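Produce the complete structure using the sequences and hints provided.
Top line first, the protein sequences correspond to chains V and G.
Every position in the first sequence, counted from 1, becomes a number in this note's numbering once 167 is added.
Every position in the second sequence, counted from 1, becomes a number in this note's numbering once 4 is added.
What the hints contain is simulated information worked out from the structure, not anything from laboratory work.
Bear in mind the structure is a predicted one, so any value in this text is a computation, not a measurement.
Glycine included, each C-beta is placed from N, C-alpha and C at the ideal position.
The reader is advised that the hints may include incorrect statements.
Claimed, not checked - Label pairs and their computed distance ranges (CB to CB):
(1) V:A289 - G:R127: 20 to 26 Å
(2) V:E428 - G:R130: 55 to 61 Å
(3) V:K410 - G:L49: 38 to 44 Å
(4) G:L41 - V:E190: 35 to 41 Å
(5) G:L108 - V:F276: 28 to 34 Å
(6) V:S404 - G:L41: 25 to 31 Å
(7) G:I104 - V:L302: 35 to 41 Å
(8) V:F402 - G:I53: 31 to 37 Å
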Amino acid sequence: MQDLTFRVQRYLPGKDSKPYMQEFTVPMRQGLTVLDGLIYIKENLDNTLSFRSSCRMGICGSCGMLINNFPMLACHTPVEELNTDTITVKSLPNFPIIRDLVADLDPLFEKHRSIDPYIVMAETGDLNKLTAQFLQSGEELQSYLQFAYCVKCGLCMAACPTVSTDEFFLGPQPLCQGYRYCTDRRDTGAKQRFEKADSGHGVWLCHLAGACSEACPKGVDPALAIQLLKRAMVFDSLRLRKKPEPATPAQPIAESKPKIEVPEFTVKQ
Amino acid sequence: MTTNATSGENRHLPNRLGIKGWIWGGNYTIERYLYTLHRITGLGLLLYITLHLVMNGFRLGGAESWTDLMSFFSGPGFKFGEYLVMAAFIIHALNGGRLILQHLGYTLGKPKPPVYPYVDSLRRRRPILWIMLFIIAALAIYVLVEFVT
Ligand code: SF4
Ligand code: SF4
Ligand code: FES
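This is the structure in structure tokens:
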């Protein structure tokens with residue numbers, strides 16, 4: 168198998184005035200991901216290379232990078248899929264660079280936090296004091312489940328052309344999560360989120376380029392969530408929004424089934 | 005909003021794409037390019053309206069200055085410019101109609117459980133886009149024929 172050329176962005180604050188590209192040769196093997204290539208470089212060629220990763224299976228959202236000019240998760244990108252021997256890896260755009268390929272995701276987390284991404288329970292009380300679970304139909308679950316798969320990797324923010332020109336634009340991830348909670352029947356915080364999204368840097372700046380949904384590695388479709396959020400906000404201001412019925416806690420189960428006896432042989436003596 | 009990126013000593017290198025980020029559609033799909041085209045046609049129409057208003061002001065200078073101005077703008081280059089304005093209007097109006105509908109959540113469908121390979125709502129509704137582009141092309145050709153004949 169042919170060797171690969173990794174063109175990797177390097178930047179050391181305090182030493183480099185601007186980022187530059189450095190080339191490494193990495194031996195190809197079947198199933199090699201871009202993250203594997205970077206780990207190979209760090210272990211064998213240059214141990215000063217910095218990048219962030221954790222789960223190596225597209226779950227933690229740590230390894231977002233700009234790979235051949237498209238935001239992707241490095242661990243989720245097999246080199247074979249790129250159809251080229253030259254792989255260019257840069258830090259995720261629209262986020263400040265901490266060092267080499269490590270993007271500072273703080274702006275994302277702060278914007279995410281600012282939209283109240285949790286279930287607000289003004290009428291039903293404190294979530295911690297509930298004694299029974301809530302009932303929810305399959306359809307109600309479907310209305311937000313897709314958006315709940317977000318791993319906060321920031322790829323959508325790197326792809327969004329509006330984020331690239333307005334650093335204060337809330338952006339696809341936070342707005343999508345705002346909608347995810349507004350549409351949850353257990354939540355009563357829609358109004359407060361609408362107010363936050365209805366700002367000069369809020370939901371109306373999304374002009375539906377769809378780049379966020381295309382980049383999302385988890386199929387979350389933030390562009391859809393944002394348009395549904397706009398719809399909810401417009402209908403709410405016209406007093407046409409059908410408010411979801413507040414969720415009711417399930418009745419505690421009156422009788423519990425007797426415990427199944429544990430067979431003797433499974434118990435460690 | 006204060007972040008490590010913007011505050012004091014911990015200043016990291018900003019890496020925002022800026023104008024290049026919204027103009028250059030890169031490897032993205034057609035809606036991303038329409039986003040750029042919509043803005044460019046919008047800016048073009050704004051420029052046209054401004055020029056149009058300024059030129060209309062020449063009428064205050066009497067019939068002669070108006071005729072002079074009109075003869076200056078009668079060349080084939082300006083005729084083609086007029087056609088571009090018309091084409092920009094067609095694109096901006098039809099794409100704007102699509103955007104208004106989709107911004108209100110119409111024609112996008114409902115959220116679907118993400119099953120690999122993921123298909124987002126815009127891609128699922130791509131035929132609507134093709135129909136819109138077909139109408140734009142047909143109108144642009146019709147107007148072109150009208151301009152030429
Ligand atoms: S759909 Fe909206 S949020 Fe998503 S990339 Fe486009 S402008 Fe940004
Ligand atoms: S919406 Fe998708 S791309 Fe954006 S942060 Fe969540 S998982 Fe990542
Ligand atoms: S290392 Fe966790 S998503 Fe890539």
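Verification of the supplied hints:
1. V:A289 - G:R127: 20 to 26 Å: With a Cβ separation near 38 Å, A289 of chain V and R127 of chain G fall outside 20 to 26 Å, so the hint is violated.
2. V:E428 - G:R130: 55 to 61 Å: 58 Å, holds
3. V:K410 - G:L49: 38 to 44 Å: Taking Cβ atoms as reference, K410 of chain V and L49 of chain G lie about 40 Å apart, which means the hint holds.
4. G:L41 - V:E190: 35 to 41 Å: 36 Å, holds
5. G:L108 - V:F276: 28 to 34 Å: With Cβ atoms ~30 Å apart, the hint holds.
6. V:S404 - G:L41: 25 to 31 Å: Given a distance of about 30 Å, which is inside 25 to 31 Å, the answer is holds.
7. G:I104 - V:L302: 35 to 41 Å: Given about 37 Å between the Cβ atoms, the range holds.
8. V:F402 - G:I53: 31 to 37 Å: Hint holds: Cβ distance 32 Å, inside 31 to 37 Å.
The structure fails hint 1 only (numbered hints given earlier).
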